[in-house]
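Asker: Take the sequences, apply the hints, and build the full model.
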Amino acid sequence: DGGITQSPKYLFRKEGQNVTLSCEQNLNHDAMYWYRQDPGQGLRLIYYSQIVNDFQKGDIAEGYSVSREKKESFPLTVTSAQKNPTAFYLCASRFSEAGNTIYFGEGSWLTVV
Amino acid sequence: GQNIDQPTEMTATEGAIVQINCTYQTSGFNGLFWYQQHAGEAPTFLSYNVLDGLEEKGRFSSFLSRSKGYSYLLLKELQMKDSASYLCAVRGSNTDKLIFGTGTRLQVFP
Chain A
1 DGGITQSPKY LFRKEGQNVT LSCEQNLNHD AMYWYRQDPG QGLRLIYYSQ IVNDFQKGDI
61 AEGYSVSREK KESFPLTVTS AQKNPTAFYL CASRFSEAGN TIYFGEGSWL TVV
Chain B
1 GQNIDQPTEM TATEGAIVQI NCTYQTSGFN GLFWYQQHAG EAPTFLSYNV LDGLEEKGRF
61 SSFLSRSKGY SYLLLKELQM KDSASYLCAV RGSNTDKLIF GTGTRLQVFP
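Top to bottom, those sequences are chains A and B. Per my numbering, residue 1 is the first one in the first sequence, and the count goes up by one each step. Per my numbering, residue 1 is the first one in the second sequence, and the count goes up by one each step.
Hints may be right or wrong, so weigh each one.
Once the Cα atoms are required to be at most 35 Å apart in a straight line, the calculated DSBU-like pairs of lysine-lysine come out as [as the list claims (entries may be wrong)]:
1. K76(B) <-> K71(A)
2. K76(B) <-> K9(A)
3. K97(B) <-> K68(B)
4. K68(B) <-> K57(A)
5. K83(A) <-> K68(B)
6. K9(A) <-> K68(B)
7. K76(B) <-> K97(B)
8. K14(A) <-> K97(B)
9. K71(A) <-> K57(A)
10. K57(B) <-> K71(A)
11. K70(A) <-> K83(A)
12. K97(B) <-> K57(A)
13. K97(B) <-> K70(A)
14. K71(A) <-> K97(B)
15. K81(B) <-> K9(A)
16. K83(A) <-> K57(A)
17. K81(B) <-> K57(B)
Not the full set, but computed from the structure, chain B residues with beta-carbon under 8 Å of chain A [to be verified]:
18. F33
19. A84
20. D96
21. L98
22. Q107
23. V108
No lab work stands behind these hints: they were computed from the structure. The beta carbon of each residue, even a glycine, is placed where N, CA and C say it ideally should be.
Answerer: Here it is as structure tokens:
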């Protein structure tokens, strides 16, 4: 099946720990994105990548890091520097041509305990 | 700055019609998208407008006026399963960034 796969679905993190959220797509999409959504809020862009080995900061990149070593993979690391990481994290991807819509993965819930 | 405004909540009755408005102020414009998001799930794509006018897709239609920075999503023959949040998103001058509004939570009652 084609699509965007995020894992894990649910993750608990202790304060001071780094955690990595996985995002894999087999749609041959060029661009990949990470968004954060807080309860009752809209989506805020963390990082995005237009091509392999290149990525740009979004609006709330502090405390997060990413890599894009392969076209199909765009993992997000939530570092201990992120002071309020409890949220719903969404990975998305699209073809780079103008007008192409973004498609989302199922999301990952991260809770700090 | 860049800003997208939507009403926070709306209610409607099953079988009725509801219009969800979205106004935007962005650096450039390269398209407006509407997504549906059920609680705890990922957003799913509903519609895309880049030129002025109405785009119809089944029970859902979306309208755009670029000169007014305004769009609406029209839902007809409402069903209970339409209860969800509806997100308006705009692609500005940077074509790889999609800016989202906070979403409109729609509740459909019998």
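Asker: Sort out which numbered hints this structure fails and list those numbers smallest first.
Answerer: 1, 5, 6, 19, 22 and 23
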